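Colleague: Each chain, letter by letter, is given below.
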Amino acid sequence: MAIAEHMEEAEEYSSPLSLPDEAYEVYRHLYGKLQLHPGSRAVVGITSAIRGEGRTTVALGLAATIAQDSAEPVLVVEADIENPQLHELLGGPRRGLVDAVTDGEPLAGVMTPITPNLLVVPAGSHPENVGAFFYRLATSRLPQGDGWWPAVVIVDLPPIMNYGYGPMIAGIADVLLMVTRANVTPTTLVREAVARLEGNRPRGLVLNDHRTYLPSWISRAG
Amino acid sequence: MRRYLETFFQYWRFAVLPILIFPAAAIAGLVLMGGGYKAQANVWVNQSALKQLAYINIGFTPAQNLATNLSQMLGSPMFAGAVMQASPQYAAIAHHSQQWAAQDLHKNVTFTATGPNVVTVTYASNSPRALPVLTALLRQAPIQFAQLTHDPSATGVYRVVDSPAFVAASSKKQELLILGLGLLAGVLLSGLFVSIRTSMDHARVQLEDVGDMTGLPVLAAIPHGLGLHLGEEAV
Ligand SMILES: Nc1ncnc2c1ncn2[C@@H]1O[C@H](COP(=O)(O)OP(=O)(O)OP(=O)(O)O)[C@@H](O)[C@H]1O
Ligand SMILES: [Mg+2]
Numbered sequence: 069m070a071i072a073e074h075m076e077e078a079e080e081y082s083s084p085l086s087l088p089d090e091a092y093e094v095y096r097h098l099y100g101k102l103q104l105h106p107g108s109r110a111v112v113g114i115t116s117a118i119r120g121e122g123r124t125t126v127a128l129g130l131a132a133t134i135a136q137d138s139a140e141p142v143l144v145v146e147a148d149i150e151n152p153q154l155h156e157l158l159g160g161p162r163r164g165l166v167d168a169v170t171d172g173e174p175l176a177g178v179m180t181p182i183t184p185n186l187l188v189v190p191a192g193s194h195p196e197n198v199g200a201f202f203y204r205l206a207t208s209r210l211p212q213g214d215g216w217w218p219a220v221v222i223v224d225l226p227p228i229m230n231y232g233y234g235p236m237i238a239g240i241a242d243v244l245l246m247v248t249r250a251n252v253t254p255t256t257l258v259r260e261a262v263a264r265l266e267g268n269r270p271r272g273l274v275l276n277d278h279r280t281y282l283p284s285w286i287s288r289a290g
Numbered sequence: 003m004r005r006y007l008e009t010f011f012q013y014w015r016f017a018v019l020p021i022l023i024f025p026a027a028a029i030a031g032l033v034l035m036g037g038g039y040k041a042q043a044n045v046w047v048n049q050s051a052l053k054q055l056a057y058i059n060i061g062f063t064p065a066q067n068l069a070t071n072l073s074q075m076l077g078s079p080m081f082a083g084a085v086m087q088a089s090p091q092y093a094a095i096a097h098h099s100q101q102w103a104a105q106d107l108h109k110n111v112t113f114t115a116t117g118p119n120v121v122t123v124t125y126a127s128n129s130p131r132a133l134p135v136l137t138a139l140l141r142q143a144p145i146q147f148a149q150l151t152h153d154p155s156a157t158g159v160y161r162v163v164d165s166p167a168f169v170a171a172s173s174k175k176q177e178l179l180i181l182g183l184g185l186l187a188g189v190l191l192s193g194l195f196v197s198i199r200t201s202m203d204h205a206r207v208q209l210e211d212v213g214d215m216t217g218l219p220v221l222a223a224i225p226h227g228l229g230l231h232l233g234e235e236a237v
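So the sequence lines, in the order shown, correspond to chains A and B.
The opening position of the first sequence corresponds to residue 69 in my numbering, with each subsequent residue numbered one higher.
The opening position of the second sequence corresponds to residue 3 in my numbering, with each subsequent residue numbered one higher.
Treat the hints loosely; a few may be bogus.
Heads up, incomplete: computed chain A residues facing chain B, CB under 7 Å, no partners named [to be verified]:
| hint | residue |
| --- | --- |
| 1 | K101 |
| 2 | T125 |
| 3 | T248 |
Derived by calculation from the structure, the hints in this document are not laboratory data.
These numbers come from a predicted model, not from an experiment.
From the three backbone atoms N, C-alpha and C, an ideal C-beta is built for every residue, glycine too.
Next comes chain B alone, as it looks inside the complex (with noise of 0.2 Å):
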């Protein structure tokens, strides 16, 4: 032990190195990537409206019931399209490309049941354009249903009770563990390194060990920087 530790000590520069390092980048990372942008709304489910879709079972919650039928327009071109002409900046991102958007809003908006009359709507996006988005997908949605259902009356199928807000793209506890992690690597590869150091040191006198290992008693040990220098005090 007392030798890892010497040797943590000689080599502390190397030794401290990795950890450092690596919980630094894990840092890094998070601030990087820091999971991007992710706006959020709540909408409150219409019941009676509701009936009109496509999409209903009778065994789901109107929240369940709505979150399918808001999915499976999520695909679809014309909808991208229509939120592309509600939302200048998303047409701008999209290059105009209905095929681009749908593809986007497929992968990156969600739609789940947080409550038998709630959905929460999610977009992840690595742009701040995220918020304006979601605010015309929002205001779209029930305009696509009402043309679908040629009822004007499927306008009504939800009301935002909660409006787009930014919120944290990733948890705490993501975060803590990925920085944990990179602390126990950055541990790890330090503690690998004082090991192999020490090994490579082992090959030389100690003065731990050389007794043991010649069977000679240790009489004295010269500190260091008590050695004769002949030639320079001659002149």
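Just chain A, same shape as in the assembly (with noise of 0.2 Å):
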């Protein structure tokens, strides 16, 4: 019922959420190295060191690749309560993650969607007590009920190093991804979060906001 619903609704979204075509393929490729089986209904979790590294940027860009590649709906959950920023994408706030997790809702009830196939859940209301919400989240995991589900879903998770929580939080994901930002993130602090991840060890890095000042006949020469 709830994805009728959405699918529905979809249909009256513009697509706030267009990347370029360079984007896509940089994506593609990188949802090519998660080797993700399809059905196995992985939830992917992006995490970074510290703020700012574009966790947000990757789990919307990945998201936004395959729900356009593959007729399958993808869902973007953003579990960073303390700096939303899905709710620009809707236009204002909404009810999202905390509420679902506070009401011991599933997360059915708070998806919306903003293209055809891809949903977002929002961080929703800012919780009384953040360490509480992030205890709940980590050991309940995201509250999937017994309807629908969608065949990808990938997580905007809280930094690692800003929150003691942050390393159980990355554990209600199945793959995590690691973002980093090229010449601005301390090496120390990704090696860091990298150490705190011990035992739910992230599939890999990916590194953000790379760019090379070399003219391109030295880069050509190798």
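Dock chain one against chain two, each of which comes alone in its own frame, and use the hints as you go.
Modeller: Right under this line is the structure:
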């Protein structure tokens, strides 16, 4: 029932999330490297050492690419509740992850489609006690309920180094990706974040905001 | 190596600066100081007249003996006075001080035996009047000799074969050396800047080593410029 609602609603949305062609190719490449088994319903977690490294960019980029290329619905869940960004996509505050977890509801009730195959769950209300919320999320995982559940779920996780529960929340993902920002993030912090994730080793790194200053004739020479 | 190149091209404005500034400063220095002006003349020694002079060493060539006698005369205020008298311009520069003129001549005029009978006379000055001063000097010296030896024939002790002319104050070789040193200093400073800058950036993650450092594979590199701007798109 929920999914039918979503898809109807989707018709009303213009697509606020359009990526340059270049970006689709980068995320296709990344998706390929993840080697998710079709039908595995894997939860992909996007984390980083610190703030501003591009977790939301990568989460939405990857989701938009899979949603466009596969016929399957893709869900982006915003677990970075202290710095919510996804409500911007929806034009204002909505009920979201915090509300569903706190009220013990399944997530399907707070999903909103933004393009035909792409659904989002924004962070929602700010919880009274962030630590308690994170503890509950980490231990109970995403509330799937008994009903419909999308093929691919991508979680925009909070940064590891900013929260004591960071590594624990990262545990809600089956496949973990660590975004890091080139020329910005101190290497010591990335190393420390990876060390904190011991036992839940990220599948790999996504180096964001990468650029080269070499003239092409030098790059080509190797 | 690649990292240093990256740094060089990222901060090329700063990296290139010393490479430009140092040689430019060297050129500016050469032009400004430029070694000033140097007048030079050659005289031919008359051996028979030479014998009359005060300082004669028979083991020396005529040119060497003449050079010695001319050098001896340089410090004399009387001679300086004679040169000033012959060259009003020089008198003006010297503010009519024989003392100053004697010191100036002593310091800046050299006599070099460049052949058995040839003495090269040079006068280095930071004024273009070096030429008339040297001319006056060469005219006055034989007169002084005649007065000192009480022998009028001493006026014929030499004849000027190449009259005073300007010569390049510093050699091409020297200029190239200074320019080369400037370039070297610039390149070294630029290299220093690039290596310091690179070691500073080394503390930030980069494609080349983030994989090794974390032990994780780099699955993707998202190029600069592909960031989302949610706030703007929502409006
Ligand atoms: N590849 C990129 N090129 C240029 N700008 C980028 C890139 N990736 C991200 N940005 C910019 O960096 C900022 C942070 O990106 P983003 O919001 O995706 O990071 P985040 O990790 O979700 O940050 P936060 O910790 O604030 O949630 C945004 O303004 C985004 O536009
Ligand atoms: Mg974010």
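Colleague: Which of the numbered hints above does this structure break?
Modeller: none
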